[in-house]
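Q: Given the coordinates of chain A, work out where chains B, C and D should sit on it, guided by the hints.
Number of protein chains: 4
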Amino acid sequence: MKVSIVGGSGYTGGELLRILSIHPRVEIQHVFSRSNAGKYIHDVHPFLKGIIKMKFTSLDNLNLIKNSDVVFSCLPHGVSKEMIPKIIDYNVKIIDLSGDFRLKEASLYKRWYHFEHKNPEILAKFVYGIPEIFKEEISKAKYVSVPGCIAIASILALYPFAKRGLIKNTVYIDAKVGSSGSGKNLKISSIFSERFNSIKAYKPAMHRHSPEIETYLQLISNKKFNVLLAAHTVNIVRGILATIYLDHYEELPQIWKYYREDFGNEKFIRIIRNPRGYYKYPDPKFLLGSNFVDIGFEIDEINRKIVLMVALDNLVKGASGNAIQCMNIMFGLNEDEGLNIPPIYPI
Amino acid sequence: MKVSIVGGSGYTGGELLRILSIHPRVEIQHVFSRSNAGKYIHDVHPFLKGIIKMKFTSLDNLNLIKNSDVVFSCLPHGVSKEMIPKIIDYNVKIIDLSGDFRLKEASLYKRWYHFEHKNPEILAKFVYGIPEIFKEEISKAKYVSVPGCIAIASILALYPFAKRGLIKNTVYIDAKVGSSGSGKNLKISSIFSERFNSIKAYKPAMHRHSPEIETYLQLISNKKFNVLLAAHTVNIVRGILATIYLDHYEELPQIWKYYREDFGNEKFIRIIRNPRGYYKYPDPKFLLGSNFVDIGFEIDEINRKIVLMVALDNLVKGASGNAIQCMNIMFGLNEDEGLNIPPIYPI
Amino acid sequence: MKVSIVGGSGYTGGELLRILSIHPRVEIQHVFSRSNAGKYIHDVHPFLKGIIKMKFTSLDNLNLIKNSDVVFSCLPHGVSKEMIPKIIDYNVKIIDLSGDFRLKEASLYKRWYHFEHKNPEILAKFVYGIPEIFKEEISKAKYVSVPGCIAIASILALYPFAKRGLIKNTVYIDAKVGSSGSGKNLKISSIFSERFNSIKAYKPAMHRHSPEIETYLQLISNKKFNVLLAAHTVNIVRGILATIYLDHYEELPQIWKYYREDFGNEKFIRIIRNPRGYYKYPDPKFLLGSNFVDIGFEIDEINRKIVLMVALDNLVKGASGNAIQCMNIMFGLNEDEGLNIPPIYPI
Amino acid sequence: MKVSIVGGSGYTGGELLRILSIHPRVEIQHVFSRSNAGKYIHDVHPFLKGIIKMKFTSLDNLNLIKNSDVVFSCLPHGVSKEMIPKIIDYNVKIIDLSGDFRLKEASLYKRWYHFEHKNPEILAKFVYGIPEIFKEEISKAKYVSVPGCIAIASILALYPFAKRGLIKNTVYIDAKVGSSGSGKNLKISSIFSERFNSIKAYKPAMHRHSPEIETYLQLISNKKFNVLLAAHTVNIVRGILATIYLDHYEELPQIWKYYREDFGNEKFIRIIRNPRGYYKYPDPKFLLGSNFVDIGFEIDEINRKIVLMVALDNLVKGASGNAIQCMNIMFGLNEDEGLNIPPIYPI
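Chains as they are written, first to last, in my numbering: chain A, 1147 to 1493; chain B, 1147 to 1493; chain C, 1147 to 1493; chain D, 1147 to 1493.
Excised from the complex, chain A in its bound form:
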């Protein structure tokens, strides 16, 4: 299968290359970049030295894309929406990692992304890429939009409750996110001296992933409810933990049952709840580098609430790994082909 990447200089681009370089069915054809055209890929991603010997291709030669079977777009929000229509002209399958094609209603883009979405008809053609929920749709899709990292974590953890109509009131999601989630962002507050040891909410309300979470959970649930998402940065580079407060109560065996029913056969979902054991509740440390999502839960008997915890690697299941899982499904491969990468531990 011939694969190209548009916008391959960032972290999600590097992560796609890391995984695709050992995918048994993939040939990497072109890695396009505006700013790095002509440079060796390993000059921008030195960790790939000795692994990928290609150079970046200029976007001036975008027409070379026509021989690819699938294109991953790793462009930033706002840039992707301009590029995707051009790629569509070459009649290839597209997997977009930006936020530009995640929401169903064009009107939401004005509010949350501060731009007018000029291609609502394209929007309708994109399938939202959560394989564990929308496998069927993805398998038939020509265009897939990969969820935001906090969104996929939250939606998967809440899925059994949404599906059964058990979410009624506001869901609180407290997300703790590694710095790689915000890309190669050059500003004083991003430098090591400023960010090391820093624990803070960078977006304590009105986060862009919340309409995404609401849209798909309401779709699954067929109910209306709100999501309040507060995103925090926490002294790590890679990984997410989201703690979710649910205004609903069930006994533990029932919750176990839901997750087993819904995810028991999913290769990339692990249910983690072992308060007396070594790995008690989800922690990204135990899955870094892999495509796993670890979901756990606890009940508060006094308050009669449920606390969900969900961890994933924001660059793998939260972006590039999940994108490749979608690709596998779109092309009829085994869903886990090239993705059976064990986590690296300890690190």
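There could be a bad hint or two in this list.
Since the list gives no way to pick out one identical chain from another, each pair is judged satisfied if it fits inside one copy or across any two copies.
Unchecked claim - Below 25 angstroms or equal to it, Euclidean Cα-Cα: the simulated BS3-like pairs (lysine-lysine) are:
id, residue 1, residue 2
1, 1451, 1314
2, 1451, 1256
3, 1201, 1333
4, 1148, 1185
5, 1451, 1369
6, 1413, 1199
7, 1264, 1232
8, 1333, 1288
9, 1314, 1370
10, 1314, 1212
11, 1451, 1370
12, 1314, 1288
13, 1309, 1250
14, 1413, 1185
15, 1288, 1148
Treat the hints as calculated values from the structure; they're not laboratory data.
A: Showing chains B, C and D alone in chain A's frame:
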């Protein structure tokens, strides 16, 4: 003023010594320790080498305490409740940093600390040490119980809302805590290789600080409501950030007004809300080593909720610094005497 | 190929399992453990949940080993030397990761490991496992001893100079090592609160890896000289950087030539020297999780000395990855089979 | 005493303010800044909120400096040499923290700093500010140049050997430095995602601090020898550890004697050597925030060499704290006035 410490080998003991060593009105008299009696203090706390030249005193000589004006007890939960009655016999003022005298109802100890509190009458003599709220009571107290680090953070942030009766439903507190909060705890899951990069809930529900928070907020509020506290560990040693989700809504100017009214004259409380500035919302990084509590807030207009954020140094305002602030008040000194230590930044 | 592991509970055991689980030619047969016999492997190595479903086998059933083609021993120093003779009885190939069979002279063990080596005749049968230097010997070996992590880094970096007889005076090696190099070590100074932010020499002289380095470099060089190794811990879990000070001088093109000649065809050695580029000199960050060794150099024109820098992942090329590379060679497979794992970046 | 600061926006400026704000004899008069004139100091240094209420003064009003007793210059290298002559006109004492007045020979600036020093006569008026060695000269000085952080660490550790003429061959200095040493440096390789977990030599030879070290050690020693300094970055923000390899040998008691003789009465130097204890060798972790220098040593009996280790806080004894110590001496105060700040531990 003559000061002694019982149980001075741990982190809160070390922190008391750090601050007291430069307190202009304090003479450190005895530092008692069972396991380290006879050793130099700087053998256990090497950072104090060149600063404190004393040795630890054996608990066998507890009677030496009678010449002290005040005793800080830094013993662990469960041990303190056995020792405090003995210290009381020497007729000194006591400031206890454990959880053993924080709750008002003896019955709560069985549920939350798994022991029978045999001295309910002593319990009644202890004042809960939040100077910004109970200054009057502390100034008259002979015995003060210092709040838990998450508890003091949460109660201070919620105080304006509790006081005005605005808390009606369950309050969700998502606490992110540095490892020093759990002391010198020797187990495999505490070693650096296991804990570095780890982001996890270590107590996602039913945390011991929640009855403390409920007790005093209800007292302030004169209303009943519940608190759900989830405590997380987040790749730092020192510092706490708590994010609090409040099922209540007000416009920003009103919230500013509450905090200014209630805390405008408090030396150790800083209100931090500057979404376009450099220091946007509370972050322990900006106050490490100091007695500051930084409180901030954001509103979610869609969900009509308030998100509070509160940061402090768990060993200073969350323990030893706050204990010394209480001491100053108990002895009629300026509240900030010896505590005007600027934060250390960056670190 | 049937593979068993003895002593699989530690970090090098976990790392062997991580890599072997995706090695296309390997079937993991037994993972022996004294303390964890009967437990699921993923109870001890939770990151392997969903990947390895086996249980630990008791050492009482060591005879099961007879059906394996090769056994990896991950036992601690001192324990391995007792177990290896027993494994030898089962007539399998052995790859030992401890220090017990690294040195050629039994007498050295008394000085450096504080025990009497009772099996000098077994010592002679072990080949020292640096594939890039002793490939031929490894391919014929029945027993291989895997080098220490600092030793393999230092020997590889110094190899071109040793081989050409250019090392004459004491070589200074300043090693900066991640905490995983010392295993799951339970003591107060290992806990997160104590070790985070700590930068210190833990063995500033007389390190056990120095006789290993001397022995093999002198063998290669046929000259006598000493090695002074100072080992430091530096606020990371995984990875090593060694800076080596060489009392010798050559111009840059000559040094490039040496490394290209000696390692130009080695798949796992990358030469890194690009002072104006992005990846200037070796840094373990760019190779974590992979079997790469990154070697770089700089000259000091004033002092007329050479500074070498060498980085590797202590658990991969510094232990388990290198052990698997040796296995591949011992069994006539491609040296890199199962080892073409790209580094994970950023992390 | 009236104090002003020129260039107060960076980390050394912030650190001066932290310490001066609690110095009992100091009144902070003006903090000049080009880029931040008119802003509140706490907008640039938010950790000082609640402590310093002043605004930055524009450099256009530099003449206000005339009422100050002493001026600290925290300008970058190259900028300071242009500003200092202007400040000299106002007839105030000057303490410069840049490298522009550290070297004695103007010619060295061309080689090491790539600029022509136009004021060699000013150069001659500056005293090199190591109080423990040049106390007499500092007490009489009008102008003091504060050493580089690696330089002061290295010179102090080597002083007893230099003074006794025991340094004959090249001294190797392997410095491990926190990120704050390079200031608020905005480039991609400085961002958290890139620098976290990174361990690398950023200047493995020909470092600017080496001529400084050579100049003053040769002055002390009256011998010629070279210094090879390799500077590394190691996953921390604050603190330095330098490991120094000395081609000289003495027994331990003799080394102890040297240090006791030379530094036994120095308040800010602690000799740390306790291989069986808790704090074995110097580690910046045990002195962060304080003005201490911790010096330790080990001997290698086989190689007959000495390994020195020296740790300090690069922003305190490596910059601003040491500058204030010089100020105290210049004004006849107790050397430690305002500097008896205990380290913060753990952090």
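Q: Out of the numbered hints, which ones does the structure contradict?
A: 8, 10, 12
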